[in-house]
Amino acid sequence: MRYNKTVYDIESFFEANKNRLFAYLVRMTGNADEALDILQESIMRYMEHYRAEENPGALLFTIARNALIDSRRRRLRIVQLDDDHKDSRTGQEHSLMVKDSCRRVLSGFKRLGQEERDILAMVVSSDLSYQEIAAIQGLSVSNVKVKVHRARLKLKKIFEGEE
Amino acid sequence: MMDEYTISMFIDDELDLDEKIEFVENIHEDAAFKNEAIKLLKQEKELSQDLVEQIPAVSLDLPARRRPPVSIPFTIATAALAVTVVLLTFVLLVQQQTGPSPYRFVLYQPDAGRAEIAGSFTGWQRLPMNELGTTGYWEIQLDLSKGEHRYSYILEGDKRIADPTVLTREFDDFGGENSILYVGNSI
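Going down the list, the sequences are from chains C and L.
Residue numbers are given in my numbering: position 88 of the first sequence equals residue 88, and the series is strictly consecutive.
Heads up: take any position in the second sequence, counting from 1, add 163, and you land on my numbering.
It is possible that some hints are incorrect.
Claimed, not checked - Pairs of lysine-lysine, PhoX-like flavour, derived with a Cα cap of 25 Å:
#1 C:Lys110 - C:Lys156
#2 L:Lys208 - C:Lys156
#3 L:Lys183 - L:Lys208
#4 L:Lys208 - L:Lys197
#5 L:Lys183 - L:Lys205
#6 L:Lys183 - L:Lys202
#7 L:Lys202 - C:Lys157
#8 C:Lys157 - C:Lys110
#9 L:Lys197 - C:Lys156
#10 L:Lys205 - C:Lys154
#11 C:Lys145 - L:Lys202
#12 C:Lys110 - C:Lys145
#13 C:Lys145 - C:Lys156
#14 C:Lys154 - C:Lys110
#15 L:Lys205 - C:Lys156
#16 C:Lys154 - L:Lys208
#17 L:Lys208 - C:Lys110
#18 C:Lys154 - L:Lys202
#19 C:Lys110 - L:Lys205
#20 C:Lys157 - L:Lys205
#21 C:Lys156 - L:Lys183
#22 C:Lys156 - L:Lys202
#23 C:Lys18 - L:Lys208
#24 C:Lys145 - L:Lys208
#25 L:Lys205 - C:Lys145
#26 C:Lys110 - C:Lys18
#27 C:Lys110 - L:Lys202
#28 L:Lys208 - C:Lys157
#29 C:Lys145 - C:Lys157
#30 C:Lys154 - L:Lys197
#31 L:Lys197 - C:Lys145
#32 C:Lys157 - L:Lys197
#33 L:Lys183 - L:Lys197
#34 C:Lys145 - L:Lys183
Hints were generated in silico from the structure; no laboratory data involved.
Looking at chain L on its own, in the form it has when it is part of the complex (with noise of 0.2 Å):
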């Protein structure tokens, strides 16, 4: 008896050869088997409508193309003007994601009267943490680079500890434990 979701494998292109030998030989063997998989297959076919088709007041057209037609130079020039747009935007954007950018430390001490954060990113030199009101809540903004950064935080001047929402850590030649954060670009 072959798992039930070969069906969709078969529907989908994944079965190999000689997986679809027996698939095949599975559909002549067992008329349930075979009903399921004619009804998905009819089903499918639904599912997989052109809805581009089916939706005919989207017209799906590239903003720029939607201008009615304009004089030959003009178009060059608009061509160039968009090119110089894109490779800016882009030069911008590399500037932004090599360059630093912001990220929040957020620490939940309650019973702390005091909390600082130490690491790479700041050559090791404490920074004081802001406490938000009476949540229990310390934070602290700064800008990193990309990249991994190790850092811990200290609480009431002297007691160290590793960041309790990073999961990964090492610990250091002073026998304390740093977390490892590592900083890449999102999409």
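Next up, chain C with everything else stripped away, as it sits in the complex (with noise of 0.2 Å):
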């Protein structure tokens, strides 16, 4: 049966790599509506174009890492264009989602700046190593260490201004 092989390649794979890009879209986003549709994006791109790669979690991180800069790009149209809804996906919607005990965290997230965001977000959701995140980054193994920590140190601060 090679077709129903297919179907369950595709659902296997799902299975095995959802949880930790949901997580790291989460931690970019901090909005699990927004996470939801650009995960299924992801996984869809993945399906039809790159399905012979041999490290399918990396390219799986760079294609989800795109899409969410294409989903970006989009939003920012719409919200020029229809400033009286500005930001109605990150609020309400939002806190009636996520649970208290991670709010602290996406918020913390939130302040951080774009590229230590997307880096710590990579790091503690993927199992993904510095070389492999070095290499989606555009960046050096020894850039991605210091980048890593400085971002931890940063939301340390943050949290600890919030106490």
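Since each chain comes alone in its own frame, lean on the hints to assemble the complex.
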């Protein structure tokens, strides 16, 4: 049953990767709904193009990162066209969906700069090495080392400021 | 004294055995370093909490799996259809990726009265560029196949210049400079 095997492969690939990828996207967006949209899109893009790849984890994160950037661009255009509805998805809906226990973490991530948020979200959410993350981000490994740590220190400061 | 960022390397399992020895020694010798490490480890527990569990309203399923159960022959037919769609999409995408795709050349030459482009993709025939109102920009959109292309701009019919926005260049046999453009796949 070749056909069923293909479907099974897609499902097992999705099962194996969805939680890590979703965790990365939630930490990046602070919004479960948006993260889910981008997750679906990333898996679809991945299945359509890149099933033969040898390191699916790193590639999937690269695709998700690009899908996230595309989504942000689209959203920016929508916001510019329709200022009245600015932030409608990150406001109330978000607070309903996210439990208290992780709201602090997500709001902390939101206060980081784009690059440090991206690197730390990837380190925390994936099982990718610094070397793989450096390749995805277009940075050197030593640069990733320093930036990961700086992001953690910055979060610590943010959390300490809240207490 | 170890670099502070080794704490992050410890958290992320990036230390080799020698570095781990040094790290443990450092923890014993330097109380401030130990305190910082403990604080960041505790913070990490919070950062890396299972977000999927924390957000129960989200069900992470492939769209197809949300459908109610159906009869087995129908499932096989659906699977076959899904595979056909994926394959067709793939074939179309491959065709799209290997075939030409539109590429927009833009040149800023506010003082020029005329601008043309000539390159390997035009068989080195000159094609006139369009002036964008009074902005000083000239543009032309051409279909380029994947791979390497060489070209230059011609101002006022006789002055050849390389593309100022493309840094890869080469001199040709006639003393002019060509820009080298690489058109590849995008993810």
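Hint check:
For the hint pairing Lys110 of chain C with Lys156 of chain C, the CA-to-CA distance comes to about 14 Å; that is within 25 Å, so the pair holds. Under the criterion of a C-alpha separation no larger than 25 Å, the hint pairing Lys208 of chain L with Lys156 of chain C is consistent with the structure, at around 13 Å. In summary, the hint linking Lys183 of chain L to Lys208 of chain L is supported, as the alpha carbons are separated by about 21 Å, within the 25 Å threshold. Distance restraint check for Lys208 of chain L and Lys197 of chain L: the Cα-Cα separation of roughly 17 Å lies within the 25 Å cut-off, and the hinted pair is therefore satisfied.
With a C-alpha separation of about 19 Å, the suggested pairing of Lys183 of chain L with Lys205 of chain L holds against the 25 Å cut-off. A hinted pair counts as satisfied when its Cα atoms are at most 25 Å apart, and Lys183 of chain L with Lys202 of chain L qualifies at roughly 19 Å. Pair hint Lys202 of chain L plus Lys157 of chain C holds up; C-alpha atoms about 11 Å apart against a cutoff of 25 Å. Annotation: proposed proximity of Lys157 of chain C to Lys110 of chain C holds, straight-line Cα distance about 14 Å (limit 25 Å).
The straight-line distance between the Cα atoms of Lys197 of chain L and Lys156 of chain C is roughly 15 Å, inside the 25 Å bound, and the hint therefore holds. This hinted pair checks out: Lys205 of chain L and Lys154 of chain C have alpha carbons roughly 15 Å apart, not beyond 25 Å. For the proposed pair Lys145 of chain C and Lys202 of chain L, the alpha carbon gap of about 18 Å is at most 25 Å, so the pair holds. Distance hint between Lys110 of chain C and Lys145 of chain C is fulfilled; the C-alpha atoms sit about 21 Å from each other, no more than 25 Å.
As the CA atoms of Lys145 of chain C and Lys156 of chain C are separated by approximately 17 Å, the hinted pair is consistent with the 25 Å bound. Distance check on the hinted pair: Lys154 of chain C and Lys110 of chain C sit about 12 Å apart at the alpha-carbon level, within 25 Å; holds. For a cut-off of 25 Å, the pair hint linking Lys205 of chain L to Lys156 of chain C stands: about 10 Å separates their Cα positions. About 16 Å separates the Cα atoms of Lys154 of chain C and Lys208 of chain L, which keeps this hinted pair within 25 Å; it holds.
For the hint linking Lys208 of chain L to Lys110 of chain C, the alpha-carbon distance of about 18 Å falls within 25 Å, and the restraint holds. In summary, the hint linking Lys154 of chain C to Lys202 of chain L is supported, as the alpha carbons are separated by about 13 Å, within the 25 Å threshold. Of the supplied pair hints, the one linking Lys110 of chain C and Lys205 of chain L holds, its CA atoms being roughly 20 Å apart against a limit of 25 Å. Pair hint Lys157 of chain C plus Lys205 of chain L holds up; C-alpha atoms about 14 Å apart against a cutoff of 25 Å.
Using a Cα cut-off of 25 Å, the hinted pair Lys156 of chain C and Lys183 of chain L holds, with the two alpha carbons roughly 24 Å apart. With a CA separation close to 8 Å, the supplied pair Lys156 of chain C and Lys202 of chain L stays within the 25 Å bound. Pair hint Lys18 of chain C plus Lys208 of chain L holds up; C-alpha atoms about 21 Å apart against a cutoff of 25 Å. The straight-line distance between the Cα atoms of Lys145 of chain C and Lys208 of chain L is roughly 19 Å, inside the 25 Å bound, and the hint therefore holds.
Taken as a hint, the Lys205 of chain L and Lys145 of chain C pair is honoured in the structure, with Cα atoms around 19 Å apart against an allowance of 25 Å. Taking the CA atoms of Lys110 of chain C and Lys18 of chain C, the gap is about 22 Å. The hint holds against a cut of 25 Å. For a cut-off of 25 Å, the pair hint linking Lys110 of chain C to Lys202 of chain L stands: about 21 Å separates their Cα positions. Note on Lys208 of chain L and Lys157 of chain C: the hinted pairing holds, with a Cα-Cα distance of about 16 Å set against a maximum of 25 Å.
In summary, the hint linking Lys145 of chain C to Lys157 of chain C is supported, as the alpha carbons are separated by about 19 Å, within the 25 Å threshold. Under the criterion of a C-alpha separation no larger than 25 Å, the hint pairing Lys154 of chain C with Lys197 of chain L is consistent with the structure, at around 18 Å. Only pairs whose Cα atoms come within 25 Å are accepted, and Lys197 of chain L paired with Lys145 of chain C is accepted, the gap being roughly 19 Å. Using a Cα cut-off of 25 Å, the hinted pair Lys157 of chain C and Lys197 of chain L holds, with the two alpha carbons roughly 18 Å apart.
Restraint check for Lys183 of chain L and Lys197 of chain L: satisfied, since their Cα atoms lie roughly 14 Å apart, inside the 25 Å limit. Between the alpha carbons of Lys145 of chain C and Lys183 of chain L the distance comes to roughly 16 Å, so the proposed pair stays at or under 25 Å and holds.
Checked against the numbered hints above, the structure violates none of them.
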